[in-house]
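Colleague: Chain by chain, the residues run as shown.
2 protein chains.
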Amino acid sequence: MDFTIDEYKMRINRTKQKMQERGIEVLIITNPSNMNYLTGYNAWSFYVPQFIILTIDEDDPTWIGREMDANSAKLTSWLKEESIVPYSDDYVQSEFKHPMHFVADFLIKRNVEQKTVGVEMETHFFSARFYKEFIWMLPETKIEDASVLVNWVRLVKSDQEINYMKKAAKIVEKAMQVGYESLNVGARGCDVAAEIMRAQIKGFEEFGGDYSAIVPLIPAGEETSAPHMTWSERRYKKNDPVIIEIAGCHKRYHSPMARTMVLGEANDKLLDLSKVINYGIEEVIHCTQPGMTSEQIEEVFRKTIKKHGIIKDSRLGYSVGLSYPPDWGEHTVSIRNGDKTVIEPNMTFHFIPGIWYENYGCEISETIRITDNGCETLANFPRDLYMKK
Amino acid sequence: MDFTIDEYKMRINRTKQKMQERGIEVLIITNPSNMNYLTGYNAWSFYVPQFIILTIDEDDPTWIGREMDANSAKLTSWLKEESIVPYSDDYVQSEFKHPMHFVADFLIKRNVEQKTVGVEMETHFFSARFYKEFIWMLPETKIEDASVLVNWVRLVKSDQEINYMKKAAKIVEKAMQVGYESLNVGARGCDVAAEIMRAQIKGFEEFGGDYSAIVPLIPAGEETSAPHMTWSERRYKKNDPVIIEIAGCHKRYHSPMARTMVLGEANDKLLDLSKVINYGIEEVIHCTQPGMTSEQIEEVFRKTIKKHGIIKDSRLGYSVGLSYPPDWGEHTVSIRNGDKTVIEPNMTFHFIPGIWYENYGCEISETIRITDNGCETLANFPRDLYMKK
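Chains A and B supply the protein sequences, listed in that same order.
Counting with full-length UniProt numbering, you get residues 1 to 389 for the letters of the first sequence.
Counting with full-length UniProt numbering, you get residues 1 to 389 for the letters of the second sequence.
Looking at chain A on its own, in the form it has when it is part of the complex:
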C-alpha cells in the first residue's frame, strides 16, 4: 500500500464531509484517480466500467468491477474481501446488459436506491449511457452532479503525497535531460520519445517510475504551434525548434515540466518570447503565497508579460497530482481570470504559460508547491531556451 490506512480513512472522512454539505447520501465514483485516492485500487482496468460506492453511514466503500479485475482490487486496495463485488463478463461491451444495471441492483439490495445519489457527470469514465441506464433503472432516484467532489478533496496534498511528487520531479529532471541529449539533427521523433519514456519509467535505482497520464508531447518545427502533438517518424532538421512537455510519475503522482529547445540557433522572435515567459514565471514564483487567489497569480503573470507586449488568453495552469490517462490535471483549480480559489500550503500546480502563434510556439513550465510563506518548484532544471549547436 502506498499510504497508511489512516491516510485513506481520513480521505474517506473528508469525502463524507463534502457529501454531507451537498446532501449526498450515496456517492458513485468512476474516475480512476478518485477510486485510487480513496481505496488504493490501481490497475489498467478503467477502460471498462468500474465503481466505488460510498454511502454516508457505512465505514467502508464497495468496489464494483469486472470479474477478472476483482483480484486487482484484492491485491492493491485496503478493502475487505466482502467489499469487492464483481459483475460477470457478459456485462462488458454488450448492447443489452450494462454494468449500471448491476450497480442499480446493488443499490436496491442495500436499500439505498431512494437516497440522494451523487454521480460524476463530467469524467471520461461516466458516459451518457451510464446516466441513461441509471435513470432507466431508478427513475425515482434523486441524482446530484458530484463530478469533481473527490477531486476537490485531493487539492491539498499530504506530506507523503508531496514526497511522491518530489520523486516524480527527480524523474522528470532526468527524462528532460535525456530528451535534450537524444534530440539531434537526423534523429526521429520516435527515437527521442523512446529514450524519454525509458527514463520516465525506469526512474532511479532508489525509486522507480510509473506511466505518465500523458505521453511525451514533443512537437517540432511548425508543430510547435500545436501543443498537443505527440511525435512522428520525421527526422529533425537543423534549426528545428522543439517543445518537450513531459511528466515524471511515481506511484501515480505526477510532476510535469515543459521546456523549449532549438537544434541550432534560435531566431529572435522565439528567443524573445522565451525570455518574456521566463520573466513571468520568475515573477509568479517570487510573488505566489498562501492566501492569494488563483486569479491573482494569473494577474501577476499577465501584468509582467504585458510590459513586454505579450498577451496570453488561455489558462496558465491547473492543479496536479494523482492521475490516470488521459489527463494529469485534477480538473479543479485553473490558474485563470475568474478563478477565486484561495491558495493554501501544499496545493500543487502545473504552471504552464505556453504561448502559441500561427507557425511556432514556446512552452516553459514548472510544477510548483505552495509553501507556508511562498512557493517552490518541485524540480530544479534550467528554464532558458536551450540551443543545441
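Everything labelled a hint here was simulated from the structure, so no lab data went into it.
Hints may contain errors.
Identical copies go unnamed one by one, so any copy, or any two together, can satisfy a pair.
[Said to hold, decoys possible] Below are the DSS-like pairs computed for lysine-lysine, each with C-alpha atoms no more than 27 Å apart in a straight line: (1) 303 x 97; (2) 97 x 312; (3) 312 x 275; (4) 97 x 142; (5) 388 x 275; (6) 109 x 306; (7) 132 x 18; (8) 388 x 307; (9) 109 x 97; (10) 237 x 269; (11) 389 x 269; (12) 115 x 389; (13) 312 x 74; (14) 312 x 9; (15) 74 x 237; (16) 132 x 97; (17) 166 x 238; (18) 174 x 238; (19) 269 x 303; (20) 238 x 74; (21) 269 x 307; (22) 312 x 142; (23) 16 x 142; (24) 16 x 132; (25) 340 x 97.
Got chain A sorted already, so can you dock chain B onto it with the hints?
Modeller: Okay, now just chain B, sitting in the frame of chain A:
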C-alpha cells in the same frame, strides 16, 4: 497523411450510408479513434471535449475543438481551414460554460438543430454532462444513440490498414523479445517496462513506433491472477511467473500480443494450463475462416479446451486496429457466445483466451487477420510457456 484522400472519402461515404440506414442526419463524433479514422486528426487533445460533425448532405465534416488545438487539426487532417472551428479556452473545465453549448450553437447556425442527431452515448469522450448540456440547449432535437456506428465501419480493414498492423506486429515481436531478455531475477517491474516501452516506441530504422493505447501489463507472481495490473518497483524472484501483454503500434494501428513466462521452472499446473490454451489457439487458427460467426470461433476454442477439463467463461477476443487510450479494442465484435457477427476477410481480432484463477493465471494471445480462405497471425513469435532458467 497516413492514407489517401480517396480512402478518407470512402470512409465518410460508408459512414453516411450507416447514418442513412439509421435515419441519422447529423452525426456528432467524439471518440478520438473515429475522429482520426474519418479525418486523420491526431493529437493528445482528447482529454478536453472535441468533435467531428458530419451532416448527411455535406461533403466535408467539421472539426470543433479547443482553440490551441486548431493548429493540430490543420497539420494532421485533410480538412479545409473553414471546416476547423475552434472554441475559446474559457469553455475548458468550467462550471458554467461547456463545449456542448458551442456545438449546439453551431448546429443552430447551420440550421440543422431540428434534424435527427446521432451521438456516441457510450464512449469515454461523451460524458453524462455532454448529454445533459445538449438536451438543455436543444430540448426538441431527436437524439439517436450512434455509439459504435463509426466503429462498425472500421471493422473490415483496407490493405493500407493491414500494412500498418503488420508493421505493428513486427514491433510487438521485438518488444516481446526485449521483455523476455530484460526479465530477470532481481530486476524490477519498472526496469522491464522501461525497456519494453523503449522498443515499442523506437520501432525499427525502416519504420517507427507509436504509443500503444494500453501500457505494458506485466503482472508477476500472484498478480498473474489479475490481468490488468501494470508494474511496480518490486524485484522479481526465482520461479516467479510473469505475464506480458503488450501491443506494437504504428500510426495508431495496434497488434497486441500476450505471452506467459516463468523465471525458472514452471509448476505442472501452469505448464498444463499453457498447453491447453495453446491447443485451443492452434485449433482456432486452423478452423477459422470467412463465413463463420464470431460465436462459432468461441465454440471451437471451448470444445477444444473442454476435452482437457478447462472452462473459460469470459470473452475470448475482440476486434482491434486503430485506437487511442484507454483501450485498443474497437468495441464492436466480441468473440463470445451470442455474438453472431459473420466473419469476413480483413477483419482483425485480438484473440486472447486468458485464464485466471485465484492465485495465478496464464495469457497467450495472437492478433489474427481473416484471409480469403482462413486466418493468419500478424506476428510470428513462439507461443510456448517460456522458462528462463
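Colleague: Checked against the structure, which of the hints given earlier come out wrong?
Modeller: Checked against the structure, the hints that fail are numbers 6, 8, 12, 14, 17 and 22, while the rest are satisfied.
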